[in-house]
Amino acid sequence: MYGFVEKESDLRIEDAVYDEVLDAGLGWMHELKPGQSFRILDMEGNQAVDTTFYDMTNPEDHYGAVQTVTMQGNIYLTTGSILRAESGKPLLEITADKTGRHDTLGGACSSQSNTVRYAREKRYMHNCRDSFMLQLADSDVDIRKRDLAPNINFFMNVPVTKEGGLKFDDGVSAPGKYVEMKALEHVMVLISNCPQLNNPCNAYHPTPVRLLIWD
Amino acid sequence: MQKIWTKEFKPGEKWSGLIGKGKYIHFKALGDNANLSVLMYNMRDTSERYNMPDTLKAQYTSHLTRGNVLMSDNGRVLASIVEDSLGWHDSISGYTTRLLTDEKYGKTTYQEQGNDYYRCGEENFKVELVRNNMGKRDLVPCVNLFSKVYVEEDGSMHYEKDHCKAGATVTLRTEMDMIFIVSNTPNPLDPSKEYPSVPVTMEVYDAPPVDLTDECVNYRSENYRAFENTWDYYNLLGV
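Sequences listed follow chains A and Y, in order.
In the working numbering, each number is its position in the first sequence, counted from 1, plus 434.
In the working numbering, each number is its position in the second sequence, counted from 1, plus 310.
Everything labelled a hint here was simulated from the structure, so no lab data went into it.
Hints are supplied without guarantee of correctness; some may be wrong.
Here chain Y is said to cover these stretches of chain A; the calculated rule only asks that three of the stretch's residues, wherever they fall, bring their Cβ under 8 Å from a Cβ of chain Y [unchecked claim]:
no.	segment
1	456 to 464
2	478 to 491
3	506 to 512
4	533 to 545
5	550 to 556
6	574 to 580
Subject to a maximum C-alpha distance of 27 Å in a straight line, what follows is the list of computed BS3-like cross-link-like pairs (lysine-lysine) [unchecked claim]:
no.	chain 1	residue 1	chain 2	residue 2
7	Y	LYS417	A	LYS523
8	A	LYS616	Y	LYS446
9	A	LYS596	Y	LYS475
10	A	LYS601	Y	LYS471
11	Y	LYS320	Y	LYS417
12	Y	LYS338	A	LYS596
13	Y	LYS446	A	LYS467
14	A	LYS579	Y	LYS317
15	Y	LYS503	A	LYS596
16	A	LYS523	Y	LYS331
17	A	LYS523	Y	LYS503
18	Y	LYS471	Y	LYS417
19	A	LYS596	Y	LYS471
Here are some chain A residues pointing at chain Y (derived, C-beta under 7 Å) [as the list claims (entries may be wrong)]:
no.	residue
20	GLY437
21	GLU494
22	VAL500
23	PRO584
24	VAL594
25	LYS596
26	GLY598
27	PRO634
Quick reminder that beta carbons are idealized off the backbone N, C-alpha and C, glycines included.
Work out the full structure, taking the sequences as your base and the hints as a guide.
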């Protein structure tokens, strides 16, 4: 593992103002106020958590995958990484990290990408984009399909080689590992707890994650 | 082959237009270290657009070259790369912002520099998106033709200087009817202190029909299935 800044959080679980378990295959949409801390805890290990953000003072400014990696000059995220909007505006900072490997280039799975990547018959399988869209359908915020830009996959391991290769590898996460970030702005978090069964991103066994927020 | 259209993009210039399926779009760098940032949207439903993650993961690659296809978020092929003199085009480093352009090359304004002021990908794309009835919310990772950005094992990103020499070419073949947006602005990771001044030409030709022996169709089984999705789409539309 390279460029991993391992850091424990000093926040105590009993002080969290929000503490819920999100099963695999479900979406989640929740606001964070500036200064709030948000932890995603991998309960059983190797669970990909597809996550994106919107700047609530300007919801047209979605999470910017390339702005985030290009401005830090590195495709991987760890403690100290600033998660930026498409405009380049800092939205959150990763403040604790126990795995050191979070994917920024793989995006979310969809029915359509499943047909391309695996087989036409895989279209019926549940996928992250459907979970995102169900959340958007039930939200009052004006975030639509066109706002679903490339996202982060926390705990997912997508190594890129100097020769220009890219693959999906077994995760480096384990039960109880987590990533924690502090909101620098009023942001909306949109998550799909990934149900993908066709590649090792969830160790072929999607599992629940625990989501915690501190004031 | 019948040339339909030709255009030379000055340094900093932008352009957008509708391009139907079945065209070759041939680009040529007229100087070293060119970078042409490109976005693509389905003309009939602009919420379907070039998707960097789906393109890269389906083809197990972090760079783009001949044989690769540029996929939409709906599992279809927007365009194929049918010719490439360079072997590497970038899609992971994005476009230049106003902030980066001012910091790197010095602040310029129209008031002071007139039309020589330094354009950036961010503003060029925003303007062309609004022109096409979209907006900044439709900004997504672009393709950077002519640029090589590689990633070391530690995840660090590196722009390869002198990858693109004058005369380098790349040819796309459109597989869908699209809004095609171009910004001839520097790669954000190009360390050059001088604003790169590299014109690029774009020529559009009618392409012959794609058949099942096509190199891009058969480059990977994933590509074949993405073409099937694309053909289904047009068969159902009846166009």
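Hints numbered earlier in the text: which of these fail when held up against the supplied structure?
The structure breaks hints 1, 2, 14, 16 and 27; every other hint is satisfied.
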